[in-house]
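Undergrad: Here is how the chains run, residue by residue.
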Amino acid sequence: MRQDLLKTLRGVFTMKTMISARLTLLLLAVVLVVSACGGGGGNTETGGTSGGNTETTTTPNNGEAKTDPPKPVELLNVSYDPTRELYVEFNEAFAKHWKEETGQTVTINQSHGGSGKQGRSVIDGLKADVVTLALGYDIDAITEPGLIEPDWQSQFENNSSPYTSTIVFLVRSGNPKGIKDWDDLIKPDVEVITPNPKTSGGARWNYLAAWGYALKHNNNDEAKAEEFVSALFKNVPVLDSGARGSTTTFVERKIGDVLLAWENEALLSLDEFGEGEFEIVTPSLSILAEPPVAIVDKVVDDRGTREVAEAYLQYLYTEEGQDIAGKHYYRPTLPAIAEKYKDQYEQIELLTINDDFGGWQTAQEKHFSDGGTFDKIYIPGS
Amino acid sequence: MKGSKRKSRRVLPGFGLSMGFTIFYLGLLVLIPLSAVFIKTSGLSWGEFWETVTAPRVLASYKISFLTAFFAALVNLVFGLLVAWVLVRYQFPGKRLVDSLVDLPFALPTAVAGIALTAIYAPNGWIGKFLEPLGIKVAFSPIGITIALIFIGLPFVVRTVQPVLQDLEKDTEEAAAMLGAYRARTFRSVILPELIPPLLTGFAMAFARGIGEYGSVVFISGNMPMKTEIAPLLIMTKLEQYDYMGATAIAAVMLVLSFLLLLLINYLQWRAGRRVIAE
Amino acid sequence: MAGVVTAHLSRDPELRPRHRNEPRWVQWLLIGLALLFMLLIVALPLVSIFIEAFKRGVDVYVASITESDALSALRLTLLAAVISVPINTLFGIAAAWAISKFRFRGKQFLVTLIDLPFAVSPVIAGLIFVLLFGAQGFFGPWLDDRNIQIIFALPGIVLATAFVTFPFVARELIPLMQAQGPHEEEAAVTLGAKGWQIFWRVTLPNIKWGLLYGMILCNARAMGEFGAVSVVSGHIRGQTNTLPLHVEILYNEYQFSASFAVASLLVLLAVFTLIMKSFIEWKSHRETAKEAH
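Residue numbers (the working numbering), protein chains in the order written: chain A, 9 to 390; chain B, 718 to 996; chain C, 203 to 495.
Okay, chain A solo, but in the shape it has when bound:
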């Protein structure tokens, strides 16, 4: 099929065919037919088994199936921006493991983007077998149309968060503005770079960490906390839509004195852009960022991929999976592996979303929905 298309394509670019009008029309007909087939082909590819009882369709590793190698299977992992490198390596490791275990070949496709955008795509019909997003709120959103069971957070260990991270500061070499902690960020001559909490998951963690710090240092006075984050965002000259955009602004465009970033992104930046140029500053208090994972129940049941999808996510919790997470600067949750990487991170006091902010639904409603505390920073009186 592709061969044919490429041929037609070449045809389109040759002048002769273009000039000969009859041929052009013939070409149109061919392309129309081909495109119709192409559409059909795409369906079978992504659709898998259609309707019926899908539970029994694939049982790759039990019983008599051992003689024949099981059919290759594909998974789609829809994830957020900073996990690209992590999952490239992890997918390879899992595919190898799965092949050894079951003899089945598994190909894992990746899709990355802003966490909210990715969540929306899954809701709108992107056939993800698993989602690995920046925050639980985005997975909660996917439970609403019934694609994921509401109790997803109890399906895997540690609130379904196989690795964690936190929010730290990245400053320019030598820390010229002397930034040590959150209250240095509201000094009038400091420029802060962070993505937009409305569109970026990472930025929501940034915002909540700042809010938590302000509450703690002002005897839980919410009005003071509001003042604090407001002063902080007054120092933000550029609000990119995602974490990666902010890092580029800070690193490549050389704008701002401090970047609020995922710890893993900050450590990666040191790798990518040279250790001499930047330094990491760890504040006295931050937030435990738990990027969660979940099976998209409806999709895996339709496609009959539940078993391999579960094994995939489960593998994140194994020693090898945890080791890869640690290598990519996430904080492993498995004690043995966490010990191995402990020098990579500073030990800091961490707030948690459930204990300190009442869970994502509450936090989202209060801070990031239209008219929440974040909007008030820019529109006084709303």
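Simulated from the structure, these hints should not be mistaken for lab results.
Treat the hints with care, as some may be off.
[Stated by the list, open to error] Some residues of chain A that are not near chain C, with every Cβ distance over 10 Å (derived):
1) Asp148
2) Pro153
3) Ala239
4) Val244
5) Gly282
6) Arg314
7) Glu347
8) Lys348
9) Leu358
[Unchecked claim] Only pairs whose alpha carbons sit at most 30 Å apart, straight line, appear in this in silico DSS-like list of lysine-lysine:
10) A/Lys262 x B/Lys944
11) C/Lys257 x A/Lys262
12) B/Lys812 x A/Lys232
13) A/Lys384 x A/Lys195
14) A/Lys185 x A/Lys104
15) A/Lys374 x A/Lys242
16) A/Lys224 x A/Lys350
17) A/Lys374 x B/Lys780
18) A/Lys306 x A/Lys185
19) A/Lys306 x A/Lys232
20) B/Lys812 x A/Lys195
21) A/Lys348 x A/Lys384
22) B/Lys812 x C/Lys309
23) C/Lys257 x B/Lys854
For each residue, glycine too, the CB sits at the ideal point set by N, CA and C.
The hints should help you fit chains B and C onto chain A, whose structure is shown.
TA: Relative to the frame of chain A, chains B and C by itself:
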């Protein structure tokens, strides 16, 4: 003229087929999909709709989109005319190259244009670093948005003015010169009136295109709410917050505005066409 | 919008007696201003793309554009263009025939509707197809029952591309055919020619350059579309990424050189398109010149 056209309805075949296919395809690809926006929006009550589309942040984004698109179109009006003028009337080395460069913004993916422009106009970029000491901030300010929109809109003004200027070259101006008019007067009283309709069209097209532009702007704008946040970005933002209603409400407003703008363009053209015939 | 895509031939200026030209210094001032403007707005971004692309050397450049994800993105981009351009061409011919050869009520309105996709924000262009075919959309459940995937697959990308490039061929042909009028076709009818015969023998030879030019612009825009496709693509590496989306992805992976290398590939496609355009202009100009003699 009128008579022959009326007659042609009977004489020429294919009206049913061509009109049928036109309406069918237009309906299928454009009208039905666009109506989805309005159907979705109708799920909101009038009060909710009004509240969504007149929220301060939304109003600010319309204002930014319209103002930057307007200024960009204005700059293109002046410099587009200049480029067209130079290309039609003068000889200089590299003229063909410049002529084909005019079309480039049209073919270049907007995201690529956005990234490249940001790299150049950022405070550490080739041009940005000379402007920074002067206190001029281009990238991450409304000026940056305007520059991206100038880039996007340039071909429209040049390519509408160019053919008209070419025609003028031959007849009108010659006559004026023969009558002994001075150059400045030739321009003011002979060339300019003829150029006004295409200039208006080019301006309106660059303007219409600029209001909706997304890809090139998000990289250079800085996306600050109330300051450099454009309306299409706000639609994206709403979508990413799972607020479909809000997104479609803003989209509906933008759709109506662009439709009205287009009607105006076509009306202007139709009038210009009639004037030519009347003469 | 008419006229934007009308063939514009940059011919040499007619030779004018010197005294009727602007003074030399005015000419050079204007040329200088125009060139400066073009340099700042168009040429520099273009140059910067190539400089960035080759910053890490030719090897990185070649590696980035021959990497398998880049190739599959290229294939998808070309495929989307190859499907949407011919359909829009058919539509353009039909619309131009109906509008230019017949009189009917509401013609101006119809023309405005044809222009509409041009003024619709690309974001909205993507959104409408999500509203229609997304899992939560109007046809979502029906499609899902039949396991038909439109959004986040090839059909969605083609739809978005076709929408964005919808007016180009029509807008090129309408003014051209309107200027030509229905006389030649009418003459053919009186000589006894039948419907399609008229089209192949009379109309098509008259419009072939304009048609080709419209198709080329349509194609250029189809390959470069970013906003609308970004909304409906799903960003699956190696599967639903078009070239412009691949540029963005590489950029977000801090692979700046690779990102600009792929971008330069798109520039080259655009340049190739523009060269075709110049060739067509030159050829059609030569033909008109020949006819004039």
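Undergrad: Now tell me if each hint is right for this structure.
TA: Comparing the hints with the structure gives:
1. At roughly 16 Å from the closest C-beta of chain C, the C-beta of A/Asp148 stays outside 10 Å, upholding its exclusion from the interface.
2. Some Cβ of chain C comes within 10 Å of the Cβ of A/Pro153; the nearest lies about 6 Å off, and the non-interface call is violated.
3. The claim that A/Ala239 lies off the interface holds: its Cβ sits roughly 30 Å from the closest Cβ of chain C, which is beyond the 10 Å cut-off.
4. Taking the minimum C-beta to C-beta distance to chain C, about 20 Å, the non-interface status of A/Val244 holds against the 10 Å cut.
5. With a least CB separation of 12 Å from chain C, A/Gly282 remains clear of the 10 Å interface cut-off, as annotated.
6. For A/Arg314, the non-interface assignment is confirmed: its Cβ lies about 18 Å from the closest Cβ of chain C, beyond the 10 Å cut-off.
7. Even its closest Cβ contact with chain C, about 30 Å, leaves A/Glu347 beyond 10 Å, as expected for a residue assigned away from the interface.
8. Non-interface status of A/Lys348 relative to chain C is upheld: no Cβ of that chain comes within 10 Å, the nearest being about 26 Å off.
9. With a least CB separation of 27 Å from chain C, A/Leu358 remains clear of the 10 Å interface cut-off, as annotated.
10. Taking the CA atoms of A/Lys262 and B/Lys944, the gap is near 21 Å; set against the 30 Å cutoff, the hint holds.
11. Distance hint between C/Lys257 and A/Lys262 is fulfilled; the C-alpha atoms sit about 19 Å from each other, no more than 30 Å.
12. Of the supplied pair hints, the one linking B/Lys812 and A/Lys232 is violated, its CA atoms being roughly 63 Å apart against a limit of 30 Å.
13. Distance check on the hinted pair: A/Lys384 and A/Lys195 sit about 20 Å apart at the alpha-carbon level, within 30 Å; holds.
14. At roughly 48 Å between alpha-carbon atoms, A/Lys185 and A/Lys104 are farther apart than 30 Å, so this suggested pair is violated.
15. For the hint pairing A/Lys374 with A/Lys242, the CA-to-CA distance comes to about 20 Å; that is within 30 Å, so the pair holds.
16. Proximity of A/Lys224 to A/Lys350 is assessed by CA-CA distance (about 27 Å); at most 30 Å being required, the pair is judged to hold.
17. As the CA atoms of A/Lys374 and B/Lys780 are separated by approximately 28 Å, the hinted pair is consistent with the 30 Å bound.
18. Taking the CA atoms of A/Lys306 and A/Lys185, the gap is about 51 Å. The hint is violated against a cut of 30 Å.
19. Only pairs whose Cα atoms come within 30 Å are accepted, and A/Lys306 paired with A/Lys232 is rejected, the gap being roughly 45 Å.
20. A threshold of 30 Å between alpha carbons decides the hint, and for B/Lys812 with A/Lys195 the separation of about 53 Å lies outside it, so the pair is violated.
21. Of the pairs offered as hints, the one joining A/Lys348 and A/Lys384 is violated, with about 44 Å between alpha carbons and a cut-off of 30 Å exceeded.
22. A C-alpha spacing of about 39 Å is found between B/Lys812 and C/Lys309, which places the hinted pair above 30 Å, so the restraint is violated.
23. For the hint pairing C/Lys257 with B/Lys854, the CA-to-CA distance comes to about 27 Å; that is within 30 Å, so the pair holds.
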